[in-house]
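Participant: Hey, can you work out the whole structure from these sequences and the hints?
As they're listed, the protein sequences go chains A and B.
If you read the first sequence in my numbering, its first letter stands for residue 1, the second for the next number, and so on.
If you read the second sequence in my numbering, its first letter stands for residue 1, the second for the next number, and so on.
Honestly, the hints are just simulated from the structure, not real lab data.
These numbers were taken from a predicted model, which means no experiment stands behind them.
Take the hints with a grain of salt, since some may be wrong.
Since the list can't tell identical chains apart, any single copy or any two copies may satisfy a pair.
Simulated pairs of lysine to aspartate or glutamate, DMTMM-like, Cα-Cα distance not exceeding 20 Å [what the hints assert, rightly or not]:
#, residue 1, residue 2
1, Lys-37, Asp-23
2, Lys-37, Asp-135
3, Lys-47, Asp-6
4, Lys-99, Asp-123
5, Lys-47, Glu-7
6, Lys-47, Asp-28
There are 2 protein chains.
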Amino acid sequence: MSETRDEIMSATYRALCAHGYADLTMQDIADETELSKAALHYHFDSKQELLESFLDFLYDGFTERVGGPEGETAPERLSALIEMVLSPPVEDDERVAFKTAMLELKAQAPYDEGIRERLRRFDEFLHGQMRAVIDDGIGAGTIRADVDPDDAARFLVTALDGAGTKQVAVGQDPDCARRMLTAYIDGTLTTADTRVAEVGSE
Amino acid sequence: MSETRDEIMSATYRALCAHGYADLTMQDIADETELSKAALHYHFDSKQELLESFLDFLYDGFTERVGGPEGETAPERLSALIEMVLSPPVEDDERVAFKTAMLELKAQAPYDEGIRERLRRFDEFLHGQMRAVIDDGIGAGTIRADVDPDDAARFLVTALDGAGTKQVAVGQDPDCARRMLTAYIDGTLTTADTRVAEVGSE
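Facilitator: This is the structure we're talking about:
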C-alpha cells in the first residue's frame, strides 16, 4: 500500500497543478496514475478523504523540511525557516500552480472541518518552530529581550501567508517578501550587536 | 441604470456571501433581485463581466473608505488605514463569508486577466496610501528616517493580506493582526519620541 499511496500522492500533486482544486475529479487523479478510477476508490472512498490524506502527506514533508532550521544564531535560523517556506523544493513552473490550488483549498476551509483542522496543523507547526527559535534567541542574547515571542512568530507566519497570496493574486515577486522579512528580523527582532543580514532599507 | 446597477451590485454581494464564488450562477444573483435572469443578462453579458463590474464597484467603495485616513501623526494615520482594512463596514456574520468569497476569487486571478488587473488596483491603491503616509511621516520626523517607504508599505499590505487569509483558513482572530501590526508600526517605524500606540509586546 505504501508504494501505491506514494504514487497516488504524487498523482494528486500533479493533478492539482494541472486542474486546480475546484474542478478536480477522482478521474483527473486516476489519469495521473497507472490505476483505474475504481482502483483509486478502493484506496480512498471519496475525493475529500483523498485530499485530507494528501494534506497529511504534505504535512509530513513540511515538518521534515521546516523542522530544525540550520544557522549559528537565532536570526539566521529564522531566515532559514523563511527561505524554506518561500522556496519549496518544486519546479518553478509548478510553484504558482500549486500555491494557487492551495489558496483555493484555504477558501474551502470554512466549509470543511477536515481541511480546516489540517491547515491549522501547518500553521501551528510553523508558528511553534518560529517561536522556539525566537525564545532561544532571547536566551542567547541575539533576539531583543522586549520581543514577544508569540506575537513575533505569529507576525512572521501571517506575513509569509500574505506573501503567498500576493504571489498568486497579483503576481508579487517572493523576493520582495524575502527582503521585507529580512528587514523585519534585522531591524526589529535582532539585538544591535548581532545583526548579520543586510537590511533591505539600506 | 444606476439604480438597477446598485441593486445588482448589492445582490451580487449577498449571493457571494450565501453561495461562495466557485458555484455562483447568474440565477443565484438574479434570485437576490427583483429581476429575471434574462433581465440580468440584459445588463451583463456574462457572469465574468458582472463580477468584474462588482470588483470595480468594490474598488470605488474601498478608495472612498481608505483614502485620506485621519490622524494627527503618520503612525496614527497608518493605524487608521489598518483599522479600515481589518474592519470593513459590513455585518459580523457576513464578514468571513465575504472574505472567503474574495479568497476564492484571488485563487482565480492566475487564470483571469480581468480579475488579476482589478486585484492589482486594490493592492496598488492601498500600497500608495501607506507609502504616502510613511513619506509624510519621515518628512515630519514621526517615522524613522532609515525606513524604506516602499518596502514598509509593501510589508504592511502583505501582512494585512495574510491576516485576511488566516482568518478564513484557520479562524485567526483579526485582533491578533491588529496587535502585531501596531507593534510593528510602533516598534519599527515610529521614531522614539513619537510613540503613541501601545506596543503589543509589553
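Participant: Each hint needs a verdict: does it hold in this structure or not?
Facilitator: Here's how the hints hold up against the structure:
For a Cα distance limit of 20 Å, the shortest separation of Lys-37 from Asp-23 inside one copy, 16 Å, qualifies, whereas the shortest one across copies, 25 Å, does not. Taking CA atoms no more than 20 Å apart as the test, Lys-37 paired with Asp-135 passes in neither setting, with 49 Å inside one copy and 59 Å between copies. Proximity of Lys-47 and Asp-6 under a CA criterion of 20 Å is satisfied intra-copy only: 16 Å inside one chain copy versus 39 Å between copies. With identical chains, the CA atoms of Lys-99 and Asp-123 are at most 20 Å apart both within one copy (15 Å) and between copies (19 Å).
In this homomeric assembly, Lys-47 and Glu-7 come within 20 Å of each other (Cα to Cα) only inside a single copy, at 16 Å, whereas the closest approach across copies is 38 Å. Taking the shortest alpha-carbon separations for Lys-47 and Asp-28, only the intra-copy value of 11 Å comes in at or below 20 Å, while the best inter-copy value is 26 Å.
In this structure, only the earlier hint numbered 2 is contradicted, and the remaining ones agree with it.
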